[in-house]
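*Asks:* Letter by letter, the chains look like this.
Number of protein chains: 6
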Amino acid sequence: MMERLLITGAAGGVGAMMRNRLGHLAQHVRLSDIADFEAEGETAEVIQCDLGDADGVLDLVAGCDGIVHLGGVSVEDRFDRIRWANIDGVYNLYEAARRHDVKRILFASSNHVVGYHPQTSRLDDRAPLRPDGLYGVSKCFGEAIASLYHDKFGIETALVRIGSCFPEPKDHRMLSTWLSIDDLVSLVECVFRVPRLGCPVIYGASNNSMTWWDNAHAGYLGWTPQSNAEDYRQEVERSAQIPQPDDPAAVYQGGKFTTDPIYE
Amino acid sequence: MMERLLITGAAGGVGAMMRNRLGHLAQHVRLSDIADFEAEGETAEVIQCDLGDADGVLDLVAGCDGIVHLGGVSVEDRFDRIRWANIDGVYNLYEAARRHDVKRILFASSNHVVGYHPQTSRLDDRAPLRPDGLYGVSKCFGEAIASLYHDKFGIETALVRIGSCFPEPKDHRMLSTWLSIDDLVSLVECVFRVPRLGCPVIYGASNNSMTWWDNAHAGYLGWTPQSNAEDYRQEVERSAQIPQPDDPAAVYQGGKFTTDPIYE
Amino acid sequence: MMERLLITGAAGGVGAMMRNRLGHLAQHVRLSDIADFEAEGETAEVIQCDLGDADGVLDLVAGCDGIVHLGGVSVEDRFDRIRWANIDGVYNLYEAARRHDVKRILFASSNHVVGYHPQTSRLDDRAPLRPDGLYGVSKCFGEAIASLYHDKFGIETALVRIGSCFPEPKDHRMLSTWLSIDDLVSLVECVFRVPRLGCPVIYGASNNSMTWWDNAHAGYLGWTPQSNAEDYRQEVERSAQIPQPDDPAAVYQGGKFTTDPIYE
Amino acid sequence: MMERLLITGAAGGVGAMMRNRLGHLAQHVRLSDIADFEAEGETAEVIQCDLGDADGVLDLVAGCDGIVHLGGVSVEDRFDRIRWANIDGVYNLYEAARRHDVKRILFASSNHVVGYHPQTSRLDDRAPLRPDGLYGVSKCFGEAIASLYHDKFGIETALVRIGSCFPEPKDHRMLSTWLSIDDLVSLVECVFRVPRLGCPVIYGASNNSMTWWDNAHAGYLGWTPQSNAEDYRQEVERSAQIPQPDDPAAVYQGGKFTTDPIYE
Amino acid sequence: MMERLLITGAAGGVGAMMRNRLGHLAQHVRLSDIADFEAEGETAEVIQCDLGDADGVLDLVAGCDGIVHLGGVSVEDRFDRIRWANIDGVYNLYEAARRHDVKRILFASSNHVVGYHPQTSRLDDRAPLRPDGLYGVSKCFGEAIASLYHDKFGIETALVRIGSCFPEPKDHRMLSTWLSIDDLVSLVECVFRVPRLGCPVIYGASNNSMTWWDNAHAGYLGWTPQSNAEDYRQEVERSAQIPQPDDPAAVYQGGKFTTDPIYE
Amino acid sequence: MMERLLITGAAGGVGAMMRNRLGHLAQHVRLSDIADFEAEGETAEVIQCDLGDADGVLDLVAGCDGIVHLGGVSVEDRFDRIRWANIDGVYNLYEAARRHDVKRILFASSNHVVGYHPQTSRLDDRAPLRPDGLYGVSKCFGEAIASLYHDKFGIETALVRIGSCFPEPKDHRMLSTWLSIDDLVSLVECVFRVPRLGCPVIYGASNNSMTWWDNAHAGYLGWTPQSNAEDYRQEVERSAQIPQPDDPAAVYQGGKFTTDPIYE
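Chains as they are written, first to last, in the numbering used here: chain A, 2 to 265; chain B, 2 to 265; chain C, 2 to 265; chain D, 2 to 265; chain E, 2 to 265; chain F, 2 to 265.
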């Protein structure tokens, strides 16, 4: 059991669903976000912090022995914004972890680091990076930083390429990419429980019938996701139009992100 | 939902079991065979057609937007017969599909395109072709035609290398190769439901405990076969002799087909 | 059904748990060990035999048509002891099998032939050998002998790299390596039931959530292990200390065996 | 040294360049083509033969112990023509070889069996077939027939996927695909000299600096092509326009063949 | 032939050796560096530019149709410096290329993106990224940007992971990593000459006898490096100490870079 | 430069050709064999030693810092003889190396560890072991011992799977397997020169045109063999009968060794 687990991005979409579910992993949970928010319950510490602020991040990480890093920009955006939160921010976080001797991090990477692979391809951890936007590029940067801090300083990171983490799958693409909160929670448990983690790539998707991703290489984690987006097919087909075969939402693993321009 | 689905070979072994199970996929189902037969129910159109007759096939395909191609010779036979139905016939079918703008086809290929691989090998979609007879060779031809029409004209085909599609497994080899009708039906559903199909090889076998084939590359289809030939082991062992280790039925994936001569 | 199945090492840890579970595979079961022991039931023949004694082994194998070879040294030890039982012994056994025309053997190899691979790696049957001690080296020798007798004389062997075969998993490493007796029994059944066995490598682990090993290549055996070490996690965590990330028990697949010296 | 080597298509482009270069491989050389032509020298027998004529082919093959099969249609054409020469024709040839116990064939397959692979991909013998026209499909058929006759009857075939066999490379694509006559001659020598041939795929290209194809798997043949299309770059660049990046001649390995329609 | 080729980093080590060698590739050569320098000859335009200055880079790229991007920080340094030149700088460059419709770029990436791979490993373009410092991480970022601009905007980039580009190899590691200027020049020629480039990874090393890297996947470029560091072995052994087996200079492909701290 | 290099088997076929060619690698060369022999020149120490004699080997190795281990049985033989020299002998040698802190060994393994692979296959260091006799099995044992002593004690070994090391190739198989003395000498130089060796498998064959083996993985050694058996083809074809396609000499990489019985 950890002494103190830090969760960044705790007020974001995924963070809000997760932040009350990890209390059993540490004696203390520290929640942080750039936004102001109020934590439920009594045990959590809340610290507001901008990830691009190096000193702030250094303070934030002090006293922690594990980090679930969900913070930063999570959609396509202007480069300066992405660079601030996802490039400077990730560098700041790993530097803080190094200085404070944090030994294990779950880094919320994204399927958008491989978004230009076709949906008809099956990817494992050796798949070439093919980011589908500046957001995806920033996550490639984050994975590279994590790899460096693992090889050079022994900080272990789970590089979780999150698919679509929502309460329910909302469109056809998510029938393949959906990651239920329950399955993400169990993944966090596995990541902080395994004696030796290393720096594995893990595709963050539930046990969906339709699947593009292969996590066999990470079998040592013992993660066995239980949810299946297929159970929601009827709702999805009722509310969302099936994309045409040449719609980017049907062609690329990154879906509509591939159609984003460079924002200025 | 399709407007009209054509099923060829509808009076054959697989066709007869399937033809009443696919009505939910299209508003109309057109059934065809070289043999005369009567369709059950009222919705199905029946058109008798010899696949080697180009004009007949052109008429047959008119008005359809999907094809389940089960027709043709399905055992080892004289070359002229196989060529007529499986080579000329497949060319005629794809030409008709191109002219009438049919966009998706399930082509019943066969495990006999890889029949000379040993049973101790595991095959995926990259396995070299090793046909075990002229029938298998004709299916190699069909797969090549489908690949061409996909790359050149955008017609998508599921190349389903059917194992042994019978009501129940009947001998020891079928403990590995059996494909239940239920599982074939669910495969057809997946093939016509996925937004983008491409031109994948799919091994047509149920979820058998004994398995030679790996469909992981086609995970994007969401096909999860449910039947298991193992459930029929007792019946199989009661009625069928276990082959010796050097019996072709135990050596090669194609089984006894490897012992067929060239018929004259 | 075999005429007579020989089980060596029948008084050892695994042998004692197995010897009464295989009676349905043969009309007679012959049990052997270097130690004196008494067999339960009536059908079993007991023959005491030192595997390093070539003449004794030749007599032992006479009249058998299958062998489950569990005998020999099963921990790290002095070279002379390992050589006697596991090198001379295995040579003696295969020579006896060749002379008496035994056609199928299950050879209890060990995960310690690949013990220096990291726990974060996934291995299949193509993984390079990396033995973690002289015991592991002797099992590499045994696998090589089995391969030779298969290629040259047609004797088929299942090379079962047993993980940790105990009634229950006893420490954290066994959450990955545990093989339940039930699953080993079902593996023996599969090995002697399949018409053609060949000479496959099979990793002997149950259906554990945490897994380092991939048996997909041996899918033709139809082995579907049912036990899961995860069901024993609470007991394990209660009684055994979780190893640190740099503890050999957490670093290497072979665990503590990597810390054994050369015994003199 | 063979008794009698048959060369089909001896009046075609490649055949005309080859037919006088193989005399040292056999005591007699038999030349055949659908066209009438006159052979140079005295040793060659000339037999006019239409490959689609089964009886004619049976006579043609009588008395031969090796075949270099260059005959048939070698460009995109109407299906009926391709089927006659390249499908019926190849079947006729292998049947004749089987009946007359010919044990080794060099089959002129074509790069057009993989013509839809991009020029930026490197292919070896495991590359999926992606024919770029009906001609390419007919060569897929021929490779399948050869594989069948190898597995079933022991007839060995070298499946030579010829690139562009001309006296000199004539356009930019040929800087990668060119096969000099000298190198083809040396390949024929290797194919008929190696004690055991099997049924390998060999990409028929010279030792060009620009290369898409990998023949490492066929290293046992000892073929070391010596020509290099790069030596002709200046002439090529002088006479042929460099294709644009999106010109099919620059995109696909099959080049302009991908733009051929289905001829009617 | 290009209209105008831009070379960034033209006053740096590699740039200074290259800048007079590429005149035949374009009618005009534009040279740029953050440092002031004087160009030899008359044809070159010199424009001083800081890559982190977006507007300056936009002006710099105007009118060019090809870029050899050598600029930026090329050793381990403080993060803010690396980020400015290699992250902001690369983004600025690709944005300028997109706006000015530059279609082809040679990006000087570095072997330090894979620097933590052991020297006993052989890498091809599928090797996982294992950067050995912040400099290496910034090159990972650059490769990701290039991949994005290729997939999304069709800008082609050669990702050249330069080994050690010096007039001569200077230490033992360079016997493997050396890239002669001549070979780099010929690589630039190949990159701007091939009709279709795509976005390949190319390891930038000469034809050294000692080699860790495999460029077979990029055979379509026709690059055949001619220099061999082995020719300089005597000089190297005379002047440089052979590293011990556990010296990072002998262990890791990135050599001493793996020992750099995070500079503050 | 080493202080003292030990060469075992110095009076054997390979040893006799090598023992005077390695003097530049060490200040002293110690030659050993079970047979009595006289060394040429003055610098070499000769010590007669039976490898199965542990104490003798311990003395033999004292004072050495490198070993070229050519000693032992090098053909198929009775098990007791092979075990004595090649199993006990290798164990004795590595134990002596460990005790005397010898850090690098070249172990003369053999192609006969993979002798049952067909000649039409291409092998790299991941090829499964398929020994063709007890001799080959003993070399598998030796490779396993070397791997253990590398992982556990840091002793580096080059596992050189020698093909056919003779002054000239003598039969057709040797056109593929021949290793010239010159090339073996240069390999020894590379093995003792590279700063970090590890424990690589290296196929010991010259730069023969006909080749079954791929040493690309060991490119870091910088070994570039220069001889080519093809240069001796005429002599070979004059003196040796070309084997038939189904002759083991043409079927298996191990050639005639596959036909050896178990000697008694």
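Worth flagging that the hints you see were computed from the coordinates, not collected in a lab. Just so you know, not all the hints are guaranteed correct.
For identical chains, the list gives no copy identity; a pair is met inside one copy or between any two copies.
[To be verified] Simulated pairs of lysine-lysine, DSSO-like, Cα-Cα distance not exceeding 30 Å:
(1) Lys257 with Lys153
(2) Lys171 with Lys153
(3) Lys153 with Lys104
(4) Lys104 with Lys257
(5) Lys257 with Lys171
(6) Lys171 with Lys104
Because the structure is a prediction, the values reported are computed rather than measured.
*Asks:* Against each hint, give a clear statement of whether it holds in the structure.
*Replies:* Verification of the supplied hints:
1. Lys257 with Lys153: Result: close only across copies, 12 Å inter versus 37 Å intra.
2. Lys171 with Lys153: between (41 Å within a copy, 25 Å between copies)
3. Lys153 with Lys104: both (12 Å within a copy, 27 Å between copies)
4. Lys104 with Lys257: between (36 Å within a copy, 23 Å between copies)
5. Lys257 with Lys171: within (14 Å within a copy, 44 Å between copies)
6. Lys171 with Lys104: Between. Shortest inter-copy distance 27 Å satisfies the 30 Å Cα cut-off; intra-copy 36 Å does not.
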